[in-house]
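Engineer: One-letter residues, chain by chain:
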Amino acid sequence: MSYKFTVNGEGVDIDAAGVTPLLSVLREDLGLTAAKLGCGEGRCGACTVLLNDRPVAACVVPLEAVADGAVRTAESLASGDAPLTQVQEELLSAGGVQCGACTPGMMMTLTALTEQQGEWTEDSVRAALTGNICRCTGYHKIVDAAMRCVTAEGGSR
Amino acid sequence: MNAAVSVDGDAETTANGKVVGTTVPRADGDAKVRGIAMYGMDYTEPGALTVRVLRSSVPAARIVRLDTSKAASLPGVRAVATAADTPGTSGMLVVKDQSAFAREDVRYVGEPIAAVAADTPAQADAAVAAIELETRPLEPVFDLDEALAEGTRHIHPGWSDYEVAVEGHRGGNLAWEARVERGDVDAAFAEADYVVTDEYRTPRQHQTSIEPHAAVARYENGRYTVHTPTQFPFMVRDRVAEHLGVRPSQVRVVVTEIGGGFGGKLDAMLEPIACVLARKAGRPVRLVNSRTEEQTTCAPRENAIIRLRTAVSRDGTLLAQEAEALSDNGANSSGETVLCANVPALVLGSTYRIANVRYSSKVVYTNTAPTAAFRGVNGPYSVFAREMHLDHIAAEIGMDRRELRMKNLLRTGDTMINGQELDDACLDVAMDRLNEIAPWGERRSEDGRLRGIAVVPATWLTNPGPSAGAVRLSEDGSVVVTSGAVDIGTGALTGIRQIVADELGVPFDQVLIAHPDTDTAGFDNGAQGSRTTFGMGAAALDAATRVREQVLEAAAGMLEVSASDLELAEGHVAVRGVPDRRVSLAAVAGTAMWTTGPIGSTGKFAAPPVNFDAGCMTGALFTHMIGVSYHAHLAEVEVDPDTGKVTVTRYAVVQDVGRAINPGLIEGQVHGAVAQGLGYALYEDLRLRDGVVIDTGLESYRLPTALDIPPIETELLENPGNQGPLGIKGAAEPPIVPVAAVVACAVADAIGSPINSLPLTPFSVLAALRGRDSRDESSRSG
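These protein sequence lines are chains A and E, in that order. Under the numbering used here, the residues of the first sequence are numbered 1 to 157, in order. Under the numbering used here, the residues of the second sequence are numbered 1 to 782, in order.
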């Protein structure tokens with residue numbers, strides 16, 4: 001089967017079985033390796049990308065479900081040598097990056113969160129992050145970064 | 001002792017332009033947030049073949065027939081490897097009892113038996129399925145006590161033929177034993193007012209790095225080159241060579257970005273398999289573990305049993321202690337478990353005064369996947385046992401738990417159980433500071449919720465391994481540091497840049513770190529035991545000091561003044577007091593190039609000798625502590641008596657770091673270590689049934705999430721040591737060590753019943769509550 005969708009704004013046409021995980025198309029066919037294969041069962045969230053602006057675990061999303069959709073990966077945040085987005089800047093300056101393997105997925109969840117309207121509290125931010133496992137940081141600095149992105153004092157861009 | 005340092009420091013330099021002591025953002029962060037950092041799991045080479053491994057499905061068997069001919073003839077298959085291709089017998093430094101592929105016997109579920117390199121993953125899978133294997137079952141051994149019992153089958157019948165680095169007490173299923181004996185234990189027990197006895201059991205904890213193990217190998221000009229996300233490139237080099245039966249210089253290890261280590265990536269794992277297939281196939285090969293392979297075969301923290309018996313006087317003096325620690329080695333000594341055999345004894349005897357001890361630490365073979373280092377190695381379970389046992393003692397003699405600890409705490413000038421004097425101990429300071437943060441006292445249970453509190457002091461070490469590094473001044477005035485040190489995410493290399501930047505008076509971003517490569521870098525003992533900023537930092541500082549001398553000498557000629565009148569700052573050498581008379585480091589480098597020769601130097605570090613009583617120990621490979629640091633942790637918990645759910649409501653850490661090079665990065669290490677410790681205390685248990693790992697993925701292996709970690713109040717104490725550079729001590733590993741202990745003690749306080757095993761799942765907490773209730777029943781009826 002052939003599936004048409006966009007990845008980071010560019011149209012792609014992928015000829016593969018409908019059950020093929022989106023993650024393997026991104027990593028192996030398109031060379032986009034920011035999203036990581038951490039667990040392969042949708043638990044760790046290292047493969048999180050945005051599908052039609054919602055965070056999904058690309059390792060368990062079949063191509064069939066992506067057809068005609070819009071996919072965004074971490075590579076799209078500051079493409080090329082463009083300045084970092086607020087999510088990227090805050091994560092770095094808060095110390096929310098250690099080994100960095102969870103970071104691309106974490107950033108996509110945080111990006112979705114900053115794009116959604118609503119009153120975010122620390123608890124609701126933490127709840128939103130439960131699909132992203134970080135083994136290094138203990139989460140606090142990631143949550144600090146997130147709060148700076150979603151609250152007024154963080155100065156949203 | 002300096003004042004506590006703030007962990008809220010921002011990225012600014014200090015008033016004198018120095019960056020040591022400031023929270024410089026990590027130097028490798030930009031690539032990580034752009035998603036372009038190249039991890040081992042992302043790396044490949046043109047034409048790389050896919051490798052798949054045939055792994056044992058049974059825990060113990062004799063290989064009767066292994067035929068790979070059909071597999072080798074399948075389409076796309078370029079090479080097949082078995083034990084016949086890896087002649088060496090290897091092991092992590094001490095006992096050489098491991099082959100890269102199973103030879104005569106299979107010893108654990110998941111053990112590699114053969115591997116295939118093929119053009120596509122599907123072809124490699126098909127070839128693995130076509131390998132013909134016949135085995136005859138052997139009696140498996142799983143239980144630690146049973147393994148050591150008379151008459152149990154020996155997992156390694158040829159154990160006495162294995163090469164060992166040093167001789168030690170071992171035999172049969174006892175892979176190694178370390179003993180410590182001091183004082184007159186029997187006499188002390190004879191005069192004790194109380195004798196308290198306990199047994200503690202702890203599970204396997206898996207490192208579960210987000211990135212699995214991966215290796216990409218090629219073979220050219222008679223040498224192997226392997227790209228791998230390893231914590232310890234020189235260890236991988238040596239172990240690959242040993243397995244393949246070649247010299248270490250025939251192996252080159254290049255380190256990729258590392259997506260989490262925590263001890264799990266210290267040793268060779270996939271690299272020997274990838275290297276042999278690359279040679280046989282004449283093509284690069286790529287091997288990446290699945291999550292199931294990670295969880296089932298990659299070397300978790302060992303499960304253990306600790307038995308303690310302590311003689312106590314009525315006033316709470318610890319008179320004598322006996323201990324037996326059984327640590328599960330798994331099927332071979334490919335991890336650090338044997339090397340660390342004496343760590344439980346050091347942990348038991350490094351925080352409180354105990355004059356008379358008899359400790360035995362046994363590392364035991366079982367038919368399970370080998371165990372290895374995980375942050376804190378044997379520390380978390382040894383401290384858990386030590387502290388729960390102290391609470392039992394406190395209850396027996398009717399003494400306040402904190403008072404018992406303060407009474408017996410080691411203080412400056414006291415000696416640990418190995419006879420090593422602690423000339424900078426500050427456990428009492430850390431405990432007192434904790435008491436100011438969260439005053440000691442009963443936490444009242446209300447709203448039906450049970451509340452508890454505990455404080456735990458702990459002493460910990462820095463890995464003493466050696467380092468070599470090179471620092472050179474580039475012609476543009478920037479500085480390049482070349483070393484085998486790797487950054488597994490801790491930011492240790494950022495700390496080294498800070499140290500070198502200050503020594504040479506260059507801006508932080510003008511210090512670059514060359515990519516770790518065993519062909520070009522000097523030896524480094526690996527990213528383990530918080531040693532990188534300590535050991536490699538010392539080597540880099542040593543090299544930078546020599547570079548500084550060369551710079552001053554060259555600049556003195558250029559400025560026509562004495563070198564002693566010069567100072568380095570802002571990338572320039574200036575005459576002291578005459579800031580206008582200065583030359584840039586680029587000019588100095590350019591001038592030196594054609595006069596004295598290019599500016600650069602190597603530097604090195606070896607841990608200084610320490611006085612201790614070697615005579616009290618046998619079989620101990622870890623005999624003493626270097627870069628000793630002191631800690632105190634506090635936990636407050638709530639327990640739901642209906643569900644058994646534990647909630648940690650408050651957590652505080654006071655930690656001696658010697659000198660804080662980068663307070664923000666250290667705080668990040670404290671947070672991460674405490675989170676992993678909470679996982680060990682509350683959730684993580686890599687379960688095995690009949691030698692088969694049940695928790696093959698993250699569906700059932702429960703890791704802490706963003707909702708599980710309480711606020712962690714962190715205070716760093718600067719109590720400079722005299723063994724590392726600038727007074728620093730290892731900082732990243734120690735904060736995991738007391739966590740399970742302090743949480744378990746707080747839960748025991750809340751539920752009024754002891755905790756003798758981990759993790760504290762709702763089921764185990766309910767069982768402990770029921771045990772308390774049934775004891776209450778029997779005391780009422782009696």
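None of these hints come from the bench; they were simulated from the model. Every value quoted in this text rests on a predicted model; they were computed, and no experiment measured them. Yeah, the Cβ is synthetic: ideal placement off N, Cα and C, and Gly gets one too. Warning: the hint list may mix true and false statements.
Stated by the list, open to error - To spell it out: a stretch of chain E is covered by chain A in this simulated footprint if at least three of its residues, at any positions, have a beta carbon under 8 angstroms from a beta carbon of chain A; those stretches are:
#1 457 to 470
#2 476 to 490
#3 696 to 702
Engineer: Among all the numbered hints in the text so far, which are the ones the structure does not match?
Structural biologist: 1
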